[in-house]
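Protein chains: 2
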Amino acid sequence: MNSEHIVKSFDEELQQLNAIVLRMGGVAEAQLAGSIEALVRRDSELADRVVKGDEAIDQMDLELDENAIRTLALRQPMANDLREVISALKISGDLERIGDYAKNIAKRSIALNQLAHHEAARSIPRMAKLVQAIIKDVLDAYANHDANRAMDVWHRDEEVDEMYTALFRELLTYMMEDPRNITPCTHLLFVAKNIERIGDHATNIAETTYYLSTGKRIEGGRPKSDMSSFQVVEPEDEDSSGEATEREGA
Amino acid sequence: MNSEHIVKSFDEELQQLNAIVLRMGGVAEAQLAGSIEALVRRDSELADRVVKGDEAIDQMDLELDENAIRTLALRQPMANDLREVISALKISGDLERIGDYAKNIAKRSIALNQLAHHEAARSIPRMAKLVQAIIKDVLDAYANHDANRAMDVWHRDEEVDEMYTALFRELLTYMMEDPRNITPCTHLLFVAKNIERIGDHATNIAETTYYLSTGKRIEGGRPKSDMSSFQVVEPEDEDSSGEATEREGA
Numbered sequence: 001m002n003s004e005h006i007v008k009s010f011d012e013e014l015q016q017l018n019a020i021v022l023r024m025g026g027v028a029e030a031q032l033a034g035s036i037e038a039l040v041r042r043d044s045e046l047a048d049r050v051v052k053g054d055e056a057i058d059q060m061d062l063e064l065d066e067n068a069i070r071t072l073a074l075r076q077p078m079a080n081d082l083r084e085v086i087s088a089l090k091i092s093g094d095l096e097r098i099g100d101y102a103k104n105i106a107k108r109s110i111a112l113n114q115l116a117h118h119e120a121a122r123s124i125p126r127m128a129k130l131v132q133a134i135i136k137d138v139l140d141a142y143a144n145h146d147a148n149r150a151m152d153v154w155h156r157d158e159e160v161d162e163m164y165t166a167l168f169r170e171l172l173t174y175m176m177e178d179p180r181n182i183t184p185c186t187h188l189l190f191v192a193k194n195i196e197r198i199g200d201h202a203t204n205i206a207e208t209t210y211y212l213s214t215g216k217r218i219e220g221g222r223p224k225s226d227m228s229s230f231q232v233v234e235p236e237d238e239d240s241s242g243e244a245t246e247r248e249g250a
Numbered sequence: 001m002n003s004e005h006i007v008k009s010f011d012e013e014l015q016q017l018n019a020i021v022l023r024m025g026g027v028a029e030a031q032l033a034g035s036i037e038a039l040v041r042r043d044s045e046l047a048d049r050v051v052k053g054d055e056a057i058d059q060m061d062l063e064l065d066e067n068a069i070r071t072l073a074l075r076q077p078m079a080n081d082l083r084e085v086i087s088a089l090k091i092s093g094d095l096e097r098i099g100d101y102a103k104n105i106a107k108r109s110i111a112l113n114q115l116a117h118h119e120a121a122r123s124i125p126r127m128a129k130l131v132q133a134i135i136k137d138v139l140d141a142y143a144n145h146d147a148n149r150a151m152d153v154w155h156r157d158e159e160v161d162e163m164y165t166a167l168f169r170e171l172l173t174y175m176m177e178d179p180r181n182i183t184p185c186t187h188l189l190f191v192a193k194n195i196e197r198i199g200d201h202a203t204n205i206a207e208t209t210y211y212l213s214t215g216k217r218i219e220g221g222r223p224k225s226d227m228s229s230f231q232v233v234e235p236e237d238e239d240s241s242g243e244a245t246e247r248e249g250a
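Chains as they are written, first to last, in full-length UniProt numbering: chain A, 1 to 250; chain B, 1 to 250.
Looking at chain A on its own, in the form it has when it is part of the complex (with noise of 0.2 Å):
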């Protein structure tokens, strides 16, 4: 620890946690937007970019831990500031997993630009925009410790559960015409399940930033619309090349 650190202002040590969590925020952000972008472009030059800039959010991720430590010691906050830290701990170990699920994209589409391309990869991208939406308003409502936004986010997550529950059906469909399509629709399966997923830390990061603004918690349960782990897609007949029916799970 160097003094420059100890000749800092209370506040303005929080205002570096808060700072290093929005920039990982920025970050996390653009990996999920480049990873994207990668998949749809069949990028693999950009989906590199997006694997190796995942360090970067792992450094500020450590920088922000030590931080949080260094001012848990030194200063011993209370109350609303101990609130601020914990929080900022909190987030950035959620911002971290976003990272992590953007580098994991971008890898399935390096594997991807190996084969055809499939028009399934057409709907991931409308289930990503809704989830950065989603990152950009927790991240605004974390910056402003506005509750009322953090509780609008936590409510959206459950249009996203929909939508990849909707995704897996359609590609276990895509898989069943064609055992061609079965490589990249697992791979997209997996891409669906790392945007939901992603949406999830960002509920996560709504709970903190209620919990930040109120001192208290969400009540009730989460709200939970992916319905795909109970999902069973038959083929309709024994005839490989046929039509997929759908029916619901237990």
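Any given hint could turn out to be false.
Repeated chains share a single entry, so a pair holds when one copy, or any two copies, can fit it.
Said to hold, decoys possible - Subject to a maximum C-alpha distance of 27 Å in a straight line, what follows is the list of computed DSS-like cross-link-like pairs (lysine-lysine):
#	residue 1	residue 2
1	K216	K136
2	K129	K193
3	K52	K193
4	K8	K193
5	K216	K193
6	K129	K8
7	K52	K129
8	K129	K216
9	K8	K136
10	K216	K8
I should point out that these hints are in silico values taken from the structure, not numbers from a laboratory.
Given the coordinates of chain A, work out where chain B should sit on it, guided by the hints.
Only chain B this time, still in chain A's reference frame:
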């Protein structure tokens, strides 16, 4: 906050945090074991109990968060003690996620019970057994502040990743052989992915335990052998019943 807590000694508070983490760990282990047993025995009733049982882990996670934040506020711990509190917060977050993944495996086992038994389901318990052993070891390492043991666990994640990559290819091959395999194998793919993610969280716990025991971070990047994001498996010819060929992705 009730007065019972205020009269506790600081050591007692730390021990209580520790005890919650270990209890959470025990429940998470049991949940994972239950979800795999439900899958193998095709026991939807057991799966249902696992799904409902996740609530207990979530409650313990909230309890831990509240206790930890209260301890930080009232005791303003420093150095080792501060690391204890921060580590408990981090590890409980990882255990909460492990619980979520076990719950998801249980949900998928319910969907799988509507389908014919698939032989690929047999490879899953082997991978799960490895991860269960890793969780047990990392919790022992945490309980004993044993940095060497934490380091051992940290290295074993590579083995999990290798099993996952092999299973990923195997499942894709089954899907290509018969479209009726697509739905069960997709659920099994996600089950395998969940187990792999549980392994990652165990690795996080190893890193936190190392930090807790030594005050230092593990040097060097995490060993990574999950190459599944780059896998390309293609049907051998245009006949959908053909054997699949495999090649390494980018």
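(message) I'd like to know which numbered hints this structure contradicts. Please list them from smallest to largest.
(response) 4, 5, 6, 8 and 9
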